[in-house]
Amino acid sequence: MATPWPDKDDHELLALVQEGSHPAFAELVRRHTERYYRLAFRYLQNREAAEDMVQDAFLKLWEDPHRWHADKNTKFTTWFYRVVVNLCLDLHKKKQPSELNEDMPIIDDRESADEAMQRKQQQIALEGAIAALPERQRTAINLCYDEGLSNQDAADVMAINLKALQSLVMRAKATLKERLKSYL
Amino acid sequence: MSDHRDEKLESLLHSRRVEAARLDLATRISLKAQTVPQIQNISLWQSLRQLFSELHLPKPGYVLASALVLGMVMGFNTTPDNSTIQDANYTTTQSMIPGDEGFL
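Just so you know, the protein sequences line up as chains W and P, in that order. Using my numbering, read the first sequence as starting at 37 and increasing by one per residue. Using my numbering, read the second sequence as starting at 37 and increasing by one per residue.
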């Protein structure tokens with residue numbers, strides 16, 4: 037009996053995508069869209085732009101699946117994080133990311149209106165400060181504070197060792213503390 | 037003071053908001069991919085086969101076999117020439133001698 041799609045690992049699915057299997061591609065997309073969307077949103081701060089970015093990344097993979105080499109001894113997820121990061125950085129160079137959407141719904145009902153407003157202002161300031169960081173520091177922050185990615189995973193995405201990653205994060209946080217001191 | 041600011045910054049970083057994607061994003065991506073052709077890696081042999089089939093050229097083996105058969109047919113149908121070199125020389129010599137000086 038053939039293995040159901042959800043039970044196939046990423047490498048098996050990619051081998052099938054390389055043979056032109058659309059159902060395998062659809063399973064890969066279903067499995068990973070959310071995580072890459074979240075990363076793209078951190079860079080772009082805009083839902084439509086982040087959705088378009090993730091779509092572009094996956095369509096590039098579909099169009100030329102042989103860009104992925106199974107013998108590289110790298111996890112697909114690590115490699116694809118790199119693809120998404122590079123696309124986001126390229127877009128960021130071309131234009132400034134959108135301002136934080138001030139209409140983004142506030143989820144925490146326990147907060148008072150004043151607290152919610154203050155938190156919103158903090159978020160806007162934080163995202164602005166992160167967007168102004170140098171590329172590598174921004175990437176380190178976006179990856180390390182992404183749920184589901186360990187620091188080692190983040191280092192692998194950036195193709196650096198753990199110590200170098202920690203150094204980038206430390207410098208980023210020093211800059212952020214300085215720029216956000218009125219909020220801290 | 038510095039520890040407090042560190043903690044506050046950590047808290048801010050961990051509470052970064054991400055606006056949820058639309059629920060059908062994965063479906064839309066899959067559907068869009070159905071309209072995008074894939075670049076297929078093919079070997080030289082496969083590309084030659086494709087070329088022959090697209091241009092409706094006969095396969096190379098058939099071409100060679102046909103040439104061989106054609107050559108044999110032409111060869112069998114040609115009238116054999118039995119003349120020798122000596123005959124060829126005689127004919128040449130005769131043509132050089134004027135008519136009233138032919139062999140006695």
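It should be emphasised that the hints constitute simulated quantities derived from the structure, not laboratory data. Errors might be hidden in some of the hints.
Stated by the list, open to error - Stretches of chain P that chain W covers, calculated by requiring three or more beta carbons in the stretch to come under 8 Å of a beta carbon on chain W: (1) 40 to 49; (2) 97 to 109.
Said to hold, decoys possible - Computed from the model, here is a short list of chain P residues facing chain W with C-beta under 7 Å: (3) 54; (4) 55; (5) 59.
We put the CB at the ideal spot given by N, CA and C, even for glycine.
Hints, one by one, checked against the model:
As drawn, the segment 40 to 49 of chain P meets chain W at 7 residues by the rule of a beta-carbon pair under 8 Å; at three or more, the given contact holds. Coverage of the segment 97 to 109 of chain P by chain W is violated in this model, with 0 residues showing a Cβ closer than 8 Å to a Cβ of that chain against a need of three. Look at residue 54 (chain P): its Cβ gets to within about 5 Å of chain W, closer than 7 Å, so that hint holds up. Evaluation of the residue 55 (chain P) hint against chain W yields a held restraint, the C-beta minimum of about 5 Å falling below 7 Å.
Nearest Cβ of chain W to the Cβ of residue 59 (chain P): about 11 Å, over the 7 Å cut. The hint is violated.
Comparing the model with each earlier hint shows violations of hints 2 and 5; every other hint is respected.
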